[in-house]
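**Student:** Start from the sequences, fold in the hints, and give me the full structure.
So the sequence shown is numbered by the working numbering: it starts at 198 and just counts up by one.
None of these hints come from the bench; they were simulated from the model. Some hints here could point you the wrong way.
[Said to hold, decoys possible] Pairs of lysine to aspartate or glutamate residues, derived as EDC-like cross-links and limited to a Cα-Cα distance of at most 20 Å, are as follows: (1) K390 - E379; (2) K390 - E365; (3) K390 - E371; (4) K390 - D380; (5) K390 - E401.
[Unchecked claim] Label-pair distances were calculated between CB atoms; the ranges are: (6) A413 - G357: 32 to 42 Å; (7) E272 - L399: 17 to 27 Å; (8) R389 - Q261: 21 to 31 Å; (9) Q261 - L412: 36 to 46 Å; (10) A329 - R307: 17 to 27 Å.
These figures come from a predicted structure and were not determined experimentally. Cβ atoms here follow ideal geometry from the backbone N, Cα and C, with glycine treated the same way.
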Amino acid sequence: MRISPIATLALGMALCLGAMPLTAMAQDFQPVQRQSLDRIVAVVNQQAIMQSQLEDRLEQARSQLAAQGQGVPPEAMLREHMLEQIILEEIQLQMAADAGLSIDDTALNRQIREIAERNGMSLDQFADALEADGLSMASVREEIRREMLLRELHQRQISGRVNVSNREVERFIEQQGGSVSEDQARQMVFQRKANEALDAWLQEIRGEAFVDNRLANGR
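**Tutor:** Dropping the structure here:
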């Protein structure tokens with residue numbers, strides 16, 4: 198997905214769909230066969246997270262690791278990590294809904310068109326390629342909408358918390374042996390501090406939310 202100037206400067210939270218080959222993108226969205234009997238694996242502020250959601254995310258993670266040539270961690274560790282990611286995302290999506298944030302169809306369509314163009318395709322060709330990989334445009338649209346929504350939430354929550362002083366920029370340039378420009382240094386320092394602020398904020402909201410992790414509790 199295209200990196201907007203605001204996202205690059207404020208957060209460095211680039212959505213990478215636009216830079217991915219289509220095959221790699223398909224792995225991110227590849228669904229798994231859902232079990233006929235679903236169950237709740239966690240509750241976040243009264244919102245249930247289902248086993249099928251976790252299984253989908255686990256399959257995505259395994260596909261990504263395989264595509265990158267990386268080994269898959271122990272199943273229990275991977276399962277715990279992915280469930281925690283889903284929990285954090287659910288907390289953020291609830292916050293976005295409470296704040297009245299949304300991604301309209303115009304912005305979403307523009308983003309999808311850019312992704313298609315980056316893959317050298319028209320929209321029709323893009324939809325056909327997704328279908329050939331067993332994916333639906335509808336499911337991909339909603340995944341992209343979710344990513345855009347999270348990015349907007351991050352920008353609102355984090356951008357105002359981060360400031361970069363001239364001294365920090367000068368120190369960074371010195372550390373790099375003068376190999377970067379002042380603008381590059383300022384952007385890199387801003388990105389590092391924004392990522393740190395985002396990590397701290399995620400820990401903060403995780404601690405404030407009511408979460409019943411039923412896998413961790415053995416239920």
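**Student:** All the hints need checking, so say for each whether the structure fits it.
**Tutor:** Each hint, compared with the structure:
no.: 1; hint: K390 - E379; result: 16 Å, holds
no.: 2; hint: K390 - E365; result: 11 Å, holds
no.: 3; hint: K390 - E371; result: 18 Å, holds
no.: 4; hint: K390 - D380; result: 15 Å, holds
no.: 5; hint: K390 - E401; result: 16 Å, holds
no.: 6; hint: A413 - G357: 32 to 42 Å; result: 34 Å, holds
no.: 7; hint: E272 - L399: 17 to 27 Å; result: 25 Å, holds
no.: 8; hint: R389 - Q261: 21 to 31 Å; result: 24 Å, holds
no.: 9; hint: Q261 - L412: 36 to 46 Å; result: 21 Å, violated
no.: 10; hint: A329 - R307: 17 to 27 Å; result: 24 Å, holds
Going down the numbered hints, you'll see the structure goes against just number 9.
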